[in-house]
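Asks: Next come the chains, spelled out residue by residue.
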Amino acid sequence: MRKLIIGLTLTLLIAIPAAAQRINLDFPGLEERAEEVVDVTLDSSMLRLAAKFLGKDNDEREVREMLNGLTGIYVRSYSFSKDGDYDRALITRIKSQLGTTWKPLVTVRSKTKENVDIMADMRGDKIQGLVIISAEPREFTVVNIVGTIDIDRLSRLEGEFGIPRISKGGQND
Amino acid sequence: MNLEDDLRRTLRRESPAPGFAARVLERIDRAEVAPPVREHPGRTWRAVAASLTLTALLGGWGAHAVYERREGERAREQVLLALRLAGQKVRYAQGEVRTIGSSE
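Residue numbers (my numbering), protein chains in the order written: chain A, 2 to 174; chain B, 51 to 154.
Isolated chain A, as found in the complex (with noise of 0.2 Å):
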């Protein structure tokens, strides 16, 4: 019994700070409001299955390399037919999940463009997860990666893989 109590302080101990770096992105009554919607929810079964799949070009062995650390991506984006569709007491409400761990790394302001916060689940010198919130007048996009990452790799992705880059309002081009 004094065995059993034990495993399951030390499983608890090791599960709750592994499952605080991902965070709830249930927005009720977003989906119904928005014109377009991503729903992106990979756990780490399905990004290890993804992996199979990916190619053996550099572009997507580099991105088989960089799931290697992850346990999940998890993203919501919403793109609006109005300015100011949704409430931004969103961003508000997301930030407040992350714990003491979590350090913002950028934060972009702009009244003609997008604002943008990059927050990191710092662990030692390694970032353990990362939270990307875009909100833009009519789209909303919010990005958690759970799992080891590196930065400069990620910015290094964009608009790779022969598929065509996402504009603003979530049209490809």
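Among the clues, some could well be false.
[To be verified] Cβ pair distances, simulated, as ranges: (1) G109(B) with E36(A): 37 to 45 Å; (2) R94(A) with G112(B): 43 to 51 Å; (3) E118(B) with T93(A): 38 to 46 Å; (4) W111(B) with E36(A): 37 to 45 Å; (5) E66(A) with V116(B): 22 to 30 Å; (6) T101(A) with G112(B): 22 to 30 Å; (7) T105(B) with R94(A): 50 to 58 Å; (8) I150(B) with S45(A): 31 to 39 Å; (9) G100(A) with V147(B): 22 to 30 Å; (10) E66(A) with I150(B): 30 to 38 Å; (11) A97(B) with E37(A): 55 to 63 Å; (12) A90(A) with R120(B): 33 to 41 Å; (13) E123(B) with D84(A): 30 to 38 Å.
[What the hints assert, rightly or not] Here are a few chain B residues that face chain A, going by a calculated C-beta distance under 7 Å: (14) G137; (15) K139; (16) V140.
[What the hints assert, rightly or not] With the C-beta cut set under 8 Å, the calculated list includes, among others, these residues of chain B facing chain A: (17) L75; (18) Q128; (19) L130; (20) A132; (21) R134; (22) A136; (23) R141; (24) Y142; (25) V147.
For the record, the hints were derived by calculation from the structure and aren't laboratory data. Model, not experiment: these values are computed from the prediction. Where a beta carbon is used, it is the ideal one built from N, C-alpha and C, also for glycine.
With chain A held as given, fit chain B onto it using these hints.
Replies: Only chain B this time, still in chain A's reference frame:
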């Protein structure tokens, strides 16, 4: 010396008992006329059931492989979309930081 005598005695050539060859031939003849194998009535059905089970298993495995492939391709596309979207936002933020840095 005794050991050599013992070995010689033990290994000396001996003629078989009378009628030995006839007994061996008779036994061979008996073995050749083996009783016919009886057809078990359930054997055919068991074979059919085994074939059907094998077909179902192979079919199930094939369907699972197709499903896994479809899910894998979908997951791959989602990973590429998510990482590209994230990369796009990070690059934009880095670009803005560089712009501010260069204008100062």
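Asks: Have a go at the K139(B) hint: is there a Cβ in chain A nearer than 7 Å to its own Cβ?
Replies: Holds, about 5 Å.
Asks: For the range 30 to 38 Å, tell me whether the beta carbons of E123(B) and D84(A) fit it or not.
Replies: Cβ of E123(B) to Cβ of D84(A): about 37 Å, so the range 30 to 38 Å holds.
Asks: Next item in the hint list is A132(B). Is there a CB on chain A closer than 8 Å to its CB?
Replies: Since the shortest Cβ distance to chain A is 5 Å, the answer is holds.
Asks: Is the hint on R134(B) kept, meaning its closest Cβ partner in chain A is under 8 Å away?
Replies: R134(B) check passes; min Cβ-Cβ to chain A is 6 Å, inside 8 Å.
Asks: Could you check if G137(B) really has its C-beta closer than 7 Å to a C-beta on chain A?
Replies: Holds: closest Cβ of chain A sits about 4 Å from G137(B), inside 7 Å.
Asks: Tell me if L130(B) is really an interface residue toward chain A, meaning its C-beta lies closer than 8 Å to one of theirs.
Replies: holds (5 Å)
Asks: Starting from the hint 33 to 41 Å, judge whether the C-beta atoms of A90(A) and R120(B) obey it.
Replies: holds (39 Å)
Asks: Tell me if Q128(B) is really an interface residue toward chain A, meaning its C-beta lies closer than 8 Å to one of theirs.
Replies: Where the cut-off is 8 Å and the nearest Cβ of chain A is about 5 Å from Q128(B), the hint holds.
Asks: Falls inside 55 to 63 Å, the C-beta gap from A97(B) to E37(A)?
Replies: The hinted range 55 to 63 Å holds for A97(B) and E37(A), with Cβ atoms some 57 Å apart.
Asks: When the nearest CB of chain A is found for V140(B), is that gap smaller than 7 Å?
Replies: Constraint on V140(B) satisfied, holds at 4 Å.
Asks: Holds or violated: 37 to 45 Å for the Cβ distance of W111(B) and E36(A)?
Replies: Holds, since W111(B) and E36(A) (Cβ atoms, about 42 Å apart) stay within the stated range.
Asks: Does R141(B) hold up as a contact with chain A if the rule is Cβ-Cβ below 8 Å?
Replies: It holds, given that the least Cβ distance between R141(B) and chain A is near 5 Å, below 8 Å.
Hint compliance for this structure: hints 6, 17 are broken, all remaining hints hold.
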